[in-house]
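Protein chains in written order, with my numbering: chain S, 124 to 365; chain U, 124 to 365; chain F, 75 to 287; chain C, 195 to 415; chain A, 51 to 293.
Hint data in this document are derived by calculation from the structure and do not stem from the laboratory. Treat the hints with caution; some may be incorrect.
Taking lysine-lysine and the BS3-like style, the derived pairs with C-alpha atoms no more than 25 Å apart in a straight line are [claimed, not checked]:
#, chain 1, residue 1, chain 2, residue 2
1, S, Lys304, U, Lys361
2, F, Lys113, C, Lys408
3, U, Lys361, S, Lys252
4, A, Lys79, A, Lys101
5, A, Lys268, A, Lys278
6, A, Lys79, F, Lys83
7, A, Lys239, A, Lys167
8, S, Lys126, S, Lys336
9, F, Lys182, U, Lys197
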Amino acid sequence: MIKFKNVNKWFGSLHVLNDINLQVSAGEVVVVCGPSGSGKSTLIRCINRLERIQKGELFVDGMPLHDSTINLTKLRAEIGFVFQQFHLYPHLSVLENVTLAPIHVRKMKKKEAEALAMEKLERVGLADKATAHPEQLSGGQQQRVAIARGLAMSPKILLFDEPTSALDPEMIGEVLAVMVKLAQEGMTMCVVTHEMGFARQVAHRVIFMDEGKIIETGKPDQFFDNPQSDRAAMFISKILKH
Amino acid sequence: MIKFKNVNKWFGSLHVLNDINLQVSAGEVVVVCGPSGSGKSTLIRCINRLERIQKGELFVDGMPLHDSTINLTKLRAEIGFVFQQFHLYPHLSVLENVTLAPIHVRKMKKKEAEALAMEKLERVGLADKATAHPEQLSGGQQQRVAIARGLAMSPKILLFDEPTSALDPEMIGEVLAVMVKLAQEGMTMCVVTHEMGFARQVAHRVIFMDEGKIIETGKPDQFFDNPQSDRAAMFISKILKH
Amino acid sequence: MQIFPFFLKGLWMTVLISGASLILGTLLGFLLGMLRSRKNRLVNPLIGFFVDVMRGTPFIVQVFIVFFIFPEFGIQLEAFTAAVLAMTIMGSAFICEIVTAGILAVPKGQWEASSSSGLNILQQLRFVILPQAMKTILPPLVGQYVLLIKDSSVVSAIGVVELTRVGWLTVVRIPEGLMVFSLVGALYFAISYPLIRISNSLERKLTVNRVSL
Amino acid sequence: MLEFFSFRTIWEYRSLFQEGLRNTFLISIVSLFLALIAGVLACAARLSGWRGLRGVSIAYIESIRSTPLLVQIYFLYFGLPTLGIRIPEIQTGILALMLNSGAYIAEIVRAGITSVPGGQIEAGISSGLSYFQRMRFIILPQALGVTVPPLLGQAITLVKDSALLSMISVVELTRSGQMLTSERFMPAEAFFTVALLYLVIYFFLKYLSGWSQKKLIFRET
Amino acid sequence: AGELDEIVKRGELRVAVQSGVAPFAFVDKTGKHTGSMVEFAADMAARMNVKLKVLDYDWDGLIPALLSGKADILAADMTPTLQRALKVSFCDSWYYVQPCVFTKTAAKYQTLADVNKPEVTVGVLLGSTGENIAKKYLPKAKIKSYKGSGRMVVQALLAGHVDVGVNDDLAVLMVLPDFPPNSVRLFPKRLGDGKDPLSFAVRYDAQDLWQWVNLYFKTAREDGSYKKNVSYWLESSGWKKEH
Ligand SMILES: Nc1ncnc2c1ncn2[C@@H]1O[C@H](COP(=O)(O)OP(=O)(O)OP(=O)(O)O)[C@@H](O)[C@H]1O
Ligand SMILES: Nc1ncnc2c1ncn2[C@@H]1O[C@H](COP(=O)(O)OP(=O)(O)OP(=O)(O)O)[C@@H](O)[C@H]1O
Ligand SMILES: [Mg+2]
Ligand SMILES: [Mg+2]
Chain S
124 MIKFKNVNKW
134 FGSLHVLNDI
144 NLQVSAGEVV
154 VVCGPSGSGK
164 STLIRCINRL
174 ERIQKGELFV
184 DGMPLHDSTI
194 NLTKLRAEIG
204 FVFQQFHLYP
214 HLSVLENVTL
224 APIHVRKMKK
234 KEAEALAMEK
244 LERVGLADKA
254 TAHPEQLSGG
264 QQQRVAIARG
274 LAMSPKILLF
284 DEPTSALDPE
294 MIGEVLAVMV
304 KLAQEGMTMC
314 VVTHEMGFAR
324 QVAHRVIFMD
334 EGKIIETGKP
344 DQFFDNPQSD
354 RAAMFISKIL
364 KH
Chain U
124 MIKFKNVNKW
134 FGSLHVLNDI
144 NLQVSAGEVV
154 VVCGPSGSGK
164 STLIRCINRL
174 ERIQKGELFV
184 DGMPLHDSTI
194 NLTKLRAEIG
204 FVFQQFHLYP
214 HLSVLENVTL
224 APIHVRKMKK
234 KEAEALAMEK
244 LERVGLADKA
254 TAHPEQLSGG
264 QQQRVAIARG
274 LAMSPKILLF
284 DEPTSALDPE
294 MIGEVLAVMV
304 KLAQEGMTMC
314 VVTHEMGFAR
324 QVAHRVIFMD
334 EGKIIETGKP
344 DQFFDNPQSD
354 RAAMFISKIL
364 KH
Chain F
75 MQIFPFFLKG
85 LWMTVLISGA
95 SLILGTLLGF
105 LLGMLRSRKN
115 RLVNPLIGFF
125 VDVMRGTPFI
135 VQVFIVFFIF
145 PEFGIQLEAF
155 TAAVLAMTIM
165 GSAFICEIVT
175 AGILAVPKGQ
185 WEASSSSGLN
195 ILQQLRFVIL
205 PQAMKTILPP
215 LVGQYVLLIK
225 DSSVVSAIGV
235 VELTRVGWLT
245 VVRIPEGLMV
255 FSLVGALYFA
265 ISYPLIRISN
275 SLERKLTVNR
285 VSL
Chain C
195 MLEFFSFRTI
205 WEYRSLFQEG
215 LRNTFLISIV
225 SLFLALIAGV
235 LACAARLSGW
245 RGLRGVSIAY
255 IESIRSTPLL
265 VQIYFLYFGL
275 PTLGIRIPEI
285 QTGILALMLN
295 SGAYIAEIVR
305 AGITSVPGGQ
315 IEAGISSGLS
325 YFQRMRFIIL
335 PQALGVTVPP
345 LLGQAITLVK
355 DSALLSMISV
365 VELTRSGQML
375 TSERFMPAEA
385 FFTVALLYLV
395 IYFFLKYLSG
405 WSQKKLIFRE
415 T
Chain A
51 AGELDEIVKR
61 GELRVAVQSG
71 VAPFAFVDKT
81 GKHTGSMVEF
91 AADMAARMNV
101 KLKVLDYDWD
111 GLIPALLSGK
121 ADILAADMTP
131 TLQRALKVSF
141 CDSWYYVQPC
151 VFTKTAAKYQ
161 TLADVNKPEV
171 TVGVLLGSTG
181 ENIAKKYLPK
191 AKIKSYKGSG
201 RMVVQALLAG
211 HVDVGVNDDL
221 AVLMVLPDFP
231 PNSVRLFPKR
241 LGDGKDPLSF
251 AVRYDAQDLW
261 QWVNLYFKTA
271 REDGSYKKNV
281 SYWLESSGWK
291 KEH
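Next comes chain S alone, as it looks inside the complex:
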């Protein structure tokens, strides 16, 4: 489904992705973790070409992303992206947030798109908020709407960039619950997160990055309880300490 082959990327002179090799197959759930600035966001932003890679090859759903002639709209319609800061459209209602892309990218009829959107909102438990505006929702609710917005395009892959780290502790649970459900239903997911509970419950693999490199890959329990590298061990001890 996703295949990184010796992928490299620089911001100016900063080498943010350093020879990345990684494969994610359909239905797999991969958690990416690592210290701040290690390149986690950049990694998953490359998958839907929010960032371009500069060296190496990257295939997503068979499309070569290193090739500049590919159809980006088609690619992005297949991939949902959930941001740390939600980025809901503040001038649109919840329902309109979810139907915008189906109507204008998938060219669905408005009725049809709304039915679809209601179904997705139902799935994240927010069908009753369809007419509300984002500012009337709590952070956790906003993030769930953002997930519904991603789902509405019926993507083959869902990407999450620290979806819970802008949330109050009590709201983290409700968002993770939605993500766990999606994972269990077989969605292909790449998730940047430090939520160990989530990783242990549903991730097939945990990837640990530092300074633009993938340092370690492993099953969640094995990774958290028994990390191979010193850096990973130190990182885990830090996020566990308090």
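Start from chain S and add chains U, F, C and A with the ligands according to the hints.
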């Protein structure tokens, strides 16, 4: 040191503080927790009069805050406040951030203030960053500078409003470590936080708020392991679940 | 070409009047802007009304009032002084708006942090708020300067011989009207364009890097 | 000059002031509308990837911003006929005001667009929306809110600038005042009336902008 | 104390002019105020034994300057009308201009009747004699009044914005040499009775000054200085080389 007597506050028609009674004595460490919107921030913001109370009496270090004639500058010089978002001054260096108030409020000489500031920066482990600008620091480092800034006025009380919840998980530890040290040295502290580890380690009392009321007060271990009220129990289960 | 020295004299007068009133107007505008950002219930409507009247009436009328109506209240001013005064007052209203907006754009947390340290309001403004507000203030402020410089042409009505007036006076004597006004335009351009470039580059420098659309 | 302030004369000249007010209002509305179009186009050109187009737009914007409107009017009215293009006064005035305000509006719209948070744009990109769809459905609606106050400022400037058309014999508000002055030698009456009427237009526009802003502003959470 | 006392006490005669009207009042090559009216004003000041201060306003500033007391005398090419005289006192006319109709040489208009038609546009100067005259004699034509100098009207004519212009012939003849030769032609017959007065004006409570100005012109006519001024500035174009 701090004494709330039937304190009430409204925002418009919203009753955010409802008959608060609370005493904090010198050297005590109090942790405040509760769901979002329950009035925690408002409560501690009243202590240095960032918010004014509308009914009841509030004494801080002997000064009656319900009285509008008190000397605010004097009051605030005695109280340090650490914000969730750090609020360092982005146009000043770390050292200048820390020396600003000592120079202009305490009327210290620049040299003297700098020596003091270096001592405080040392205490939070950032003496080597004195010449850096806030944007060059990680979130955890910024928050530690903010603590040093508070300490530089040699306050009698330190207030913290969710000091770690805007931080990446790996940085939470370094900030909590500084706070634990302060607590152990006998500083009077009121801390809004959901960090159970911190509360258990150093808090003398945990206060649980909901809907503007203090619902429960207790020793940390007793509160977290065996909450008396249903609301507190539910809240604790939520923040523990993931 | 023998008219050129005359034009330079006009240009000099334009620079003089604009320069003096920009400096004074900036000081007054900052003062008003700072007062206004305090949201005082008494002062604010007053400043608001002042700004509205200044923005809502033609500058020529303001100049006439200063020059021709003030004398009724015993204030007789030379044309130059009246021009500078009128420009200062008008400019300060516009600058006040820019400054208020700049101050309000500084995150509330900066006010809270500095007041928590015990700084008084003036210290907060001086050391914390204004230095940060300058980022938002500077680009439109320089842009406003250009507008004010161009507005200074209005004071020719009360007999100040500045650049535009020189244009009109010259056009009486020589036939090449278009040439005269090209020259006037070129000279205004010579003062304004550098300022506009400064404003643009300030805007580029002071606003954060952004994603491309 | 104020001693014998004559309201009667002002009343006597009411039809002249009416005509002036009407013309100022109409000219302003039409020019403002056209200037909005010109401004949005110029802004689009300025933000476009095409270097040539961008250059043209920057040249237009900066040359307009750094020269006085008076000179621009003079050029259109007396300069264009030498090239064989003759446009009547009112149209010349509208054209001049449109070109002039268009340049400022282009900058205002650009500022509005660049104020939309980057995350909004990325969210749009990630949903597969095209450039124009993002502009149309995400960026412009949000930019609109921020643009209203400076647009109001520009509209007010435009209204007052239309006074310069008196130079080329358009009877607008300022000219009506000048005519009263010239026929009756009553400058105080003339310019207080004119100022008051401009102020009326100003408050009308201000009210309009406050109203539309209430409908257009959104906060990102 | 009267106005004159004040002028003498002040040691300065303040005269408001509009420097857009060669050869009456304008700014010469060296940037100095000069012209027929300025010379008269200078002579007046000299005979009062005070200094002259020339205040140079835009059209909009002239009348307020007089009314607000910034200036003592208004020396502009203004025609006295009864309505205007309600606000200021006009001195005796010191000169008569002859308003004329002018048009492009190639234009078909020949007589006043040709021009007095709704489809004809007439260009005049705001507030000038020409404006009053045009309203009186060409009531059917459409009038556009410009601000600034007489040159504006000729320019508007040649640019095609108006069909004919009305201004005093002196002002027209004065600027014609600057335009392409033979491009503009004057109607042979002058408008009105051929003579329209120009007057200086003072505030109406300054009767002493009013009398003094009248007496001045009477004296000047008698001692020949009037003749000298007028023939140099208004009846020849010799000044053009010198200024
Ligand atoms: N647009 C950009 N221009 C320049 N440098 C960038 C840009 N985006 C990211 N970087 C830098 O690239 C490095 C990797 O950034 P990235 O956001 O991928 O890290 P991350 O692992 O997601 O960190 P975090 O946990 O803080 O989100 C960082 O040093 C960052 O400063
Ligand atoms: N300045 C204000 N004006 C109006 N309402 C306010 C204001 N500040 C806070 N509130 C409201 O008062 C209530 C209590 O707010 P407060 O910030 O004290 O809650 P909190 O417990 O700190 O919540 P959180 O955990 O989200 O920080 C909330 O409903 C909030 O919306
Ligand atoms: Mg990241
Ligand atoms: Mg809070």
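Going down the list of hints, with the structure as the test:
no.	hint	in the structure
1	S:Lys304 x U:Lys361	holds, 18 Å
2	F:Lys113 x C:Lys408	holds, 20 Å
3	U:Lys361 x S:Lys252	holds, 22 Å
4	A:Lys79 x A:Lys101	holds, 23 Å
5	A:Lys268 x A:Lys278	holds, 14 Å
6	A:Lys79 x F:Lys83	holds, 13 Å
7	A:Lys239 x A:Lys167	holds, 18 Å
8	S:Lys126 x S:Lys336	holds, 16 Å
9	F:Lys182 x U:Lys197	holds, 22 Å
Checked against the numbered hints given earlier, this structure breaks none of them.
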